[in-house]
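Visitor: Residue numbers (this note's numbering), protein chains in the order written: chain R, 1 to 574; chain Y, 575 to 737; chain L, 738 to 1287.
Be a bit skeptical, because a hint or two may be false.
Stated by the list, open to error - The calculated lysine to aspartate or glutamate pairs, modelled on EDC-like cross-linking and capped at a C-alpha distance of 16 Å, are:
(1) L:Lys897 - L:Asp875
(2) Y:Lys653 - R:Asp184
(3) Y:Lys603 - L:Glu1011
(4) L:Lys1014 - Y:Asp613
(5) R:Lys542 - R:Glu434
(6) L:Lys1034 - R:Glu159
(7) L:Lys1266 - L:Asp1178
(8) Y:Lys603 - Y:Asp634
(9) L:Lys1211 - R:Glu126
(10) L:Lys1014 - Y:Asp634
(11) L:Lys1211 - L:Asp1223
(12) L:Lys1014 - Y:Asp718
(13) R:Lys347 - R:Glu459
(14) L:Lys1034 - Y:Asp634
(15) L:Lys1034 - Y:Asp717
(16) Y:Lys737 - Y:Asp717
(17) L:Lys853 - L:Asp864
(18) Y:Lys603 - L:Asp1221
(19) Y:Lys674 - L:Asp1178
(20) Y:Lys603 - L:Asp1178
Simulated from the structure, these hints should not be mistaken for lab results.
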Amino acid sequence: MSDITLTIDGRTVHAAPGSTILEAARGAGIRIPTLCWHEDLGTPSACRVCVVEIAGMRTLQPACSYPASQGIVVRTNSPIVREARRMAVELILAHHPDDCLSCARNLRCELQQLASDLGIREIRFERVKRGLPRDESSPSIVRDPDKCINCRRCVEACEKIQGVAALSVINRGFDAVVMPAYEDGLMDAVCVMCGQCTLACPTGAIIERDDTARVWEALSDPDRHVVVQTAPAIRASLGEELGLPAGSIVTGKMAAALRRLGFDRVFDTDFAADVTIMEEGHELLQRLGSGGTLPLITSCSPGWIKFIEHFYPELLPHVSTCKSPQQMFGALAKTYYAERAGIDPAKMFVVSIMPCTAKKFEVQRPEMRASGRQDVDVALTTRELGRMLREAGIDLDDSPEEDFDAPLGISTGAAAIFGATGGVMEAALRTVYEVVTGRELPPESLEFHDVRGLQGVKETTVTLNGNCVNVAVAHGLANARRVLDRIRSGQAPWQFVEIMCCPGGCVGGGGQPIGTVMNTRAERAGALYAADRDMELRSSHKNPAVATLYEEYLERPLSKRSHELLHTHYTPRR
Amino acid sequence: MTAVPGAACQCDSDFLSQVERIASMYRGKPEDLVLALHDVQALRNYLPREALRVVARVLDVPESRVYGVATFYSMFSTKPRGRHIIRICESAPCHVMGAKEVIDSLLDQLGVEMGGTTADCLFTVEATSCLGVCGVAPALMIDDEVYGNLVPGDLFEILERYK
Amino acid sequence: MEFYRSHVLVCGGSPCVAAGCRAVRVEIERLVREQGLDREVRVVETGCLGPCDQGPIVVVYPEGTVYHRVNMGAAREIVAEHLVKGRPVTRLQYAGELPSVSTADDKRTDYFQIQKRIVLENVGLIDPESIEEYIARDGYLALGTALTNLRPADVIETVKRSGLRGRGGAAFPSGAKLEFTARTESDQKYIICNADEGEPGTFKDRLILEGDPHKVIEGMIIMGYAVGATHGYIYIRGEYYISIERIERAIRQARWLGLLGANLFGSGFNFDIEVKKGAGAYVCGEETALIESIEGKRGIPRRKPPYPGTSGLWGKPTVVNNVETIANIPPIILNGADWYRGFGTSTSPGTKVFTLTGNVNNRGLIEVPMGITLREVIYGIGGGIPDGRSFKMAQTGGTAGGCLAEAHLDMPMDYESMQSAGSALGSGALLIIDDSHCIVDVACSLLHFFAHESCGQCTPCREGTTRLVQIFDKLRQFRATQADLDLAMELATVMLRSSLCALGQSVVVPLGTIMQHFEGEIQAHLHGKCSVGLCHGACDCAEGRPAENV
Ligand SMILES: Cc1cc2nc3c(=O)[nH]c(=O)nc-3n(C[C@H](O)[C@H](O)[C@H](O)COP(=O)(O)O)c2cc1C
Ligand code: SF4
Ligand code: SF4
Ligand code: SF4
Ligand code: FES
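Make the full structure from the sequences, and use the hints.
Guide: Printed below as a string of structure tokens:
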């Protein structure tokens, strides 16, 4: 393979054909500042912060897209480059509010970092604010268009990664700004609340709604019994939010830290994930056996649910009626757990720690009141929990390793991998295989590697008692579209499909630490698979607490009571 | 801005079925969005959100994109406008030929600000970039008619023709 | 064809329409019928005749009598006297002469002989709504020659040798552009005619399309043949109602006669053309923004590379050319590269269509060989500055062009000389401004245009254009300081270097030339003085007071 040779800042640099100047420079350890560029998204090359000088060219070129061509001589730090770069940042700052200190992205803002790196000390233009209202219509996402710098990263994430296109640039010139259609609030747009835009945004223009105040209030109320559940993916990302390397697993420290925050019980969504597998696995078997609508599609991901309600409502019969683990947990906490523990459910306050902004929308859905009241009171994201721990001065690294509380804290490895794309499928296959064949999967066959990894759509076939079951896994809603279009056309060979709203699954959720990119998603997924491997029990149906639940309370999967508490229905939104 | 796009629209079903019929000529052709918006706008001189919604559905273009396009091009308006649209050029060739006096006089006679609509909803005045008739600068267009070599004194008679 | 004793040409170019020619034509037609002359006299609406500020223009053949500013009364008089009695109405006659009109006794003044019509050869002479009249003047002959006698490579070679350069502003060699796209392998290629014409002061493309639409169609087909494209688009700005109507009619006529469609001239070559309308965005004249707009999106420029020649419309190789560039192709193919090189200068061959606007006596459309001086245009063809005023500046090439002062009047107008003066021929707009105008006011108007038309995509232009307006507004109100002016120049220079497209890049051209050639006048504004007396401190408030501290 013929490498390209070019000169950057006087050094000879080699680059693979097709790479950009930015990539070539990074490969050689030369850092060129960027703003609109994002490593997982196509770049519009619009901010002009990354411009470089190329010998013989009349104008500067954006390193983020300009091809590293054979023999070119590039300067990344000449006087005219510095002048242009600083001017771009100065112009942006002059059209940006001056409230960094009270901004949700303070210290985590790329614009702030850039201004700091470049040492911008003076803004010579008149300070102007757009003066547009904040959009607080959505329970999940808050937009502050005054802080938008027109990088279009959110537009790209929403349209290309998620296939939703809730956002577009509107107007032109100085008035150009990103907005939903008709300048409506996000609640009135086709937004699925996934929060991928919050990960894409370099500034505080799109953030998660902060619900920490409500949790602080509940924690400080002595009459409240406050329980918390943590989603599978949190143990693989909370450490990162608090400064540990990507892929650190902090399960035990997290449980301890939550206790120190004052939660009365520290439970685990993983328990509910095991319950989900019991219910969904049996739903699959029932549909396979009785000629029900196939393929069955998983329903754990509320962004995905809102997506299909908006865009493919005619395919809703394919979706499993199972609630998401978060909601199964909430329903069981305020019924089963409350009864067993003798607590008045009216005095209970259920908090969930989720990698996901769409969970905030889900807790408010009218269907999610199986206990007679809102089953989950507040869903916090990884970022919000990080904020609470920092505010409380709890150092995760210094925390001891503790266990979750029983019974809703007991889980298996199958539940842990729910947090990665393909994980629900793998967990389901482990259980379905053993239920159908009556045989135990040997340890070496427990892992279904075909459904792991970051490929957009993954497919495999498993044999159950001589019958082939074809399955598919998609993550990121643009990939979901590919799968759904095939189902709609009647050409789909699958019986069971897993769809997760966010790229990488929950490890890549919209509530995860700022800076989440494909590489960190892969690290976190790796950590979950490692956690699974370390567990003694690796299949949901082997969870003793789940067995007790069915014995004492639900009878069996798909029972009447299961249906009341753990299953739901959907609302076409077109 | 206080005006909500489409707020003043009486989008009766008759209007929406006209929109539907026009949009259907471009069904499945997202690339003809600009043409479709031209045709739809001709019905009411602006693009109410209900109409944009129909166009988005029929052409299979996300509504956010339709709105983005509708707000990009200066000939489109998402806010209600008068029966006749006066586009008056304020580019340099008209400017040096005295466009400012003509503009001031026009706004004065109609009692509106630039971008505004007269109380009787007859005229909306919009500033535009060069109309390409600079040989007869200063110039304005009312709907698809061009008027050139203007002096403030011409305006009264021209406006009368539309009353 | 029937034989008519007289032909009455009524100019139907948009400027004349703006002056009311349609009603005049209808009236003449009515009177001619009333007088029972309709078998002897034919009334034709033509394309632009040139002196647009004199409209409505009416020409009576065979005498070649030119009437100007014809109103209804004049129309009645012309019919009664000239057509019925054969006595031209001297009182209504145009003192100047029209380049496009050949008179019975041709005694043109020198200035009009300066004009040379290649692109405009038919404009004003034929009925643009009649394909027969175009064909009668050798129309579609170049296409026939190309399709039956020339290989695509020969066509490209001829265009290359002619030295034709793009007339849309960037002056890119047209032959090289064709060659590049011809060499790119693809299952589909496109020809796009750029008729967005948003450059203020420019209206040549409109008048070409309105006056001789078939020439543009013919040029596009030839280009399609040269590069192997079977589909063409004409992108016209949405405000050009008449152009759209005429070109659509012309396309229908050409299809009807088999000049568009399948198997043209039995050569096996297919080509068809579609019209796409803009909706009011100057930036859509930029070729990649134009492509985005044709694809139904916001018209924001794409980053380059890749260039349209490799990846344009729908990602396919695409040639984008200006209307005037395309209209040069048929004459070049018909008459050969050497013939074309016989006009203009060696590095800028051929003619250029200019639109003369602003403070000159004769405003309108002219076509002259490259290399003519500004003085010849302004004081010759343009008839000088009216109202006893004197020349202050000329902006060449539109709002994105440079502002030249008195000292440049004798510079030849070709690509190289213009560039050396910090300006450009650009689109061919020539805006003449007299000494009653304040340079700061002019600068504000120009900057306002850029701010209004910036697509808003890239930081330097989106933010910078509005910042420049702010700074010059301050200057107009005597509130600016030297530091503001320095910041403005620094900003404009950064915009040149790092804007994404030529819109933002070119703001420095007018601004820099103004700052350079009119420095004294600008400086005076720092001290609260406007030599023309147009600008004044805004008010008594502290902010409005002239800046003292310079
Ligand atoms: C902001 C901007 C506006 C432009 N407007 C036009 C236009 O209206 N017409 C045109 O032919 N070219 C225009 N151009 C130039 C085109 O990008 C392109 O260079 C031209 O169409 C190529 O044709 P040519 O080679 O025949 O000149 C514009 C360029 C810019 C940057
Ligand atoms: S939350 Fe998701 S769907 Fe909503 S705007 Fe952001 S990326 Fe788009
Ligand atoms: S909201 Fe954020 S991501 Fe979207 S364009 Fe604005 S700054 Fe960029
Ligand atoms: S230079 Fe201006 S018009 Fe061109 S891409 Fe940038 S913002 Fe848009
Ligand atoms: S990072 Fe390259 S232009 Fe924005």
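Visitor: Is it true that the CA of lysine 542 of chain R sits at most 16 Å from the CA of glutamate 434 of chain R?
Guide: The hint holds at about 11 Å.
Visitor: Take a quick look at whether lysine 674 of chain Y and aspartate 1178 of chain L sit within 16 Å of each other, Cα to Cα.
Guide: holds, 11 Å
Visitor: Against the 16 Å threshold, does the CA-CA distance of lysine 1034 of chain L and aspartate 717 of chain Y hold or violate the hint?
Guide: violated, 24 Å
Visitor: Within a Cα-Cα threshold of 16 Å, do lysine 603 of chain Y and aspartate 1178 of chain L meet the stated pairing?
Guide: violated, 45 Å
Visitor: Do the alpha carbons of lysine 603 of chain Y and aspartate 634 of chain Y lie within 16 Å of each other, as the hint requires?
Guide: Distance ~8 Å between lysine 603 of chain Y and aspartate 634 of chain Y Cα, so the pair holds.
Visitor: Can you confirm whether the C-alpha distance between lysine 897 of chain L and aspartate 875 of chain L stays at or below 16 Å?
Guide: violated, 23 Å
Visitor: Going straight from one Cα to the other, do lysine 653 of chain Y and aspartate 184 of chain R come out at no more than 16 Å?
Guide: Judged against 16 Å, a Cα distance of about 15 Å means the pair holds.
Visitor: Does glutamate 126 of chain R sit within 16 Å of lysine 1211 of chain L, going by the straight-line distance between their CA atoms?
Guide: holds, 11 Å
Visitor: Do the alpha carbons of lysine 347 of chain R and glutamate 459 of chain R lie within 16 Å of each other, as the hint requires?
Guide: violated, 46 Å
Visitor: Would you check the hint for lysine 1014 of chain L and aspartate 718 of chain Y, treating anything up to 16 Å between C-alpha atoms as holding?
Guide: Roughly 14 Å between the alpha carbons, so the hint for lysine 1014 of chain L and aspartate 718 of chain Y holds.
Visitor: When you check the alpha-carbon spacing of lysine 1266 of chain L and aspartate 1178 of chain L, does it fall within 16 Å?
Guide: holds, 13 Å
Visitor: Within a Cα-Cα threshold of 16 Å, do lysine 1034 of chain L and aspartate 634 of chain Y meet the stated pairing?
Guide: Holds, at about 13 Å.
Hint violations for this structure: numbers 1, 10, 13, 15, 17, 18 and 20, all remaining hints satisfied.
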